[in-house]
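Student: Generate coordinates for the entire structure from the input sequences, incorporating the hints supplied.
Protein chains: 2
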Amino acid sequence: MKNYLLLCGGVGGAKLALGFKEILSPENLGIVVNTGDDFTHLNLKICPDLDTVMYTLSGESDVSKGWGRKNETWNMLSALSKLDGETWFQLGDKDLATHIHRTKLLQSGYSLQEATSILSKLFNLPDFIYPMSNESVETYVQTKNRLLSFQEYFVKLQCKPPVTDFVFKGLDAAEFNHSIDLDAFEEIVICPSNPFVSINPMLQLNKLQQHLINHPEKVTVISPIVNLNSLKGPTAKMMTELGQDVNVQSIAKFYKNYSKRIFIDSSDQNELTTITHMGFEVCLADLIMNNFQSKVNLAKTIVDHLEES
Amino acid sequence: MKNYLLLCGGVGGAKLALGFKEILSPENLGIVVNTGDDFTHLNLKICPDLDTVMYTLSGESDVSKGWGRKNETWNMLSALSKLDGETWFQLGDKDLATHIHRTKLLQSGYSLQEATSILSKLFNLPDFIYPMSNESVETYVQTKNRLLSFQEYFVKLQCKPPVTDFVFKGLDAAEFNHSIDLDAFEEIVICPSNPFVSINPMLQLNKLQQHLINHPEKVTVISPIVNLNSLKGPTAKMMTELGQDVNVQSIAKFYKNYSKRIFIDSSDQNELTTITHMGFEVCLADLIMNNFQSKVNLAKTIVDHLEES
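If you're matching them up, the sequences are chains X and A in order.
Converting from the first sequence to the working numbering requires adding 5 to each position, the first position being numbered 1.
Converting from the second sequence to the working numbering requires adding 5 to each position, the first position being numbered 1.
Fair warning: there could be bad hints in the mix.
Intra- or inter-copy, both count: the list cannot distinguish identical chains.
What the hints assert, rightly or not - Taking lysine-lysine pairs in the DSBU-like style, the calculated list, with each CA pair at most 35 angstroms apart, reads:
no., residue 1, residue 2
1, LYS261, LYS109
2, LYS237, LYS109
3, LYS265, LYS161
4, LYS7, LYS161
5, LYS305, LYS87
6, LYS149, LYS109
7, LYS265, LYS109
8, LYS126, LYS242
9, LYS261, LYS75
10, LYS149, LYS7
11, LYS265, LYS70
12, LYS109, LYS305
13, LYS305, LYS161
14, LYS165, LYS7
15, LYS87, LYS237
16, LYS126, LYS109
17, LYS109, LYS174
18, LYS258, LYS70
19, LYS265, LYS174
20, LYS75, LYS109
Note that these hints are calculated values from the structure, not bench results.
Tutor: Here it is as structure tokens:
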């Protein structure tokens, strides 16, 4: 069995990661998670994508929303609202415990990797979830008039302002998480997460970027665009605003320096020839993961293919 | 009508404060609250006595417990417990909103007085609650082997270790809250709070101490000892450990430099003569406040007496 490293954002990536968790032994799986949208809110360090992955893989997530915890209550937030407090970021009572505990761990001197290992264990998960970096990388969204912090753009303004560019602050001081031995993984799978704000922050980390550029044959992209639209979130909207066609070719172009293989949805097979001509091996699959079985099926399709290639 | 300033700790003091709130106009009432047991916990500034007073006076308190909020839930704490987090301090979900909002206000540059005014307004209370100081005074409990922070002693160790002394850190830099014009109050009432850890931190603040020493005739003590025991909490236990008799005379001795008048419970009237000989005017009343009406009745008894004196 090969070893698989997933590059993963939040909701969309976590779905595929759950599929991989079901079919692989933990020792064959590593999941690198974007931390570019981490932020400090109400004195708490919040890592939305790490939480989404952790909750999803541990069966703790609210599957209907894709983020947050199941059987969640909102009593703190409701009381905070009555105090005219800051309630634009949804903080459930159980979710809050994660932020409080992680913040405490980080203040006690643990690295984000160590805090993630500790939390993974507490959520009964193997130690296979890795923040992309122990250092802070902050994603900013450039709009026509203002540079917005990611959460302000994503949650407060609900992705409404048109995007012109993205800025990642902190890259000079940030290193790719040194707990991850890239050479130990024969296959690297880029999950169907938002390329601009979930995957690109990772790709800006020098060590990972160089590894992908040097080994594009071991990198497989799972398209986040299906049937000319985003599987989830603002990917398609961002592509349009950046002047890109909303199709799989644009995704292939985005990743062309890093990857030689792409999974596209069967509904997009008319693009197969064009993308093949771009130098990609193109694989068809059903990329829509709207229930547990479809997540497992997609992971199995990918693994079956990569084990033979 | 005279103006009344209460010196008040948590649960016991808040009961009498509620009685005063019911019978006085807000413009005739000020409530100075101990902040010596404030602490920072899980990155949150927590002011237990201010919260107890605020919740009690706004009808938001859990009357059965005396602290915390009514209709409280504990979902964050329960989730934190599953993460092996720090759960020794009881943080309800609604209560948490207060700590989160106050912490945010303080970090935004508001003083504790300003944050208290803002919170009071949000709890539909007049602006008559004053933290004893804007600066931090920290109460430590000296036990045989260790100096314990107050919350560690009070909550974590449930007041079990015998006390030998008390230490107040930060007094050099702390000033009595300058929003309180002591000369504007004709009467100062020391609530039946713990003398050692609720009232004494205030008395260590120079401006208040000097004012009481210079005007003991305007200071009335309400005994926290009734029928040879504490009304509430560890007062009697502490008195014993400090080698004091658990009776009203010991309370009178404690306050003798600051006050010329004391209300004692009818059950303690055998001490009346002795305390009178100590230079106190002694007033008998029913000091046990176990329902709303008894709180109002006691406040009325005190005010009626002081209006005539």
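Student: So which hints don't hold here, by number, going up?
Tutor: Those not satisfied are hints 1, 3, 4, 7, 8, 9, 10, 12, 13 and 14.
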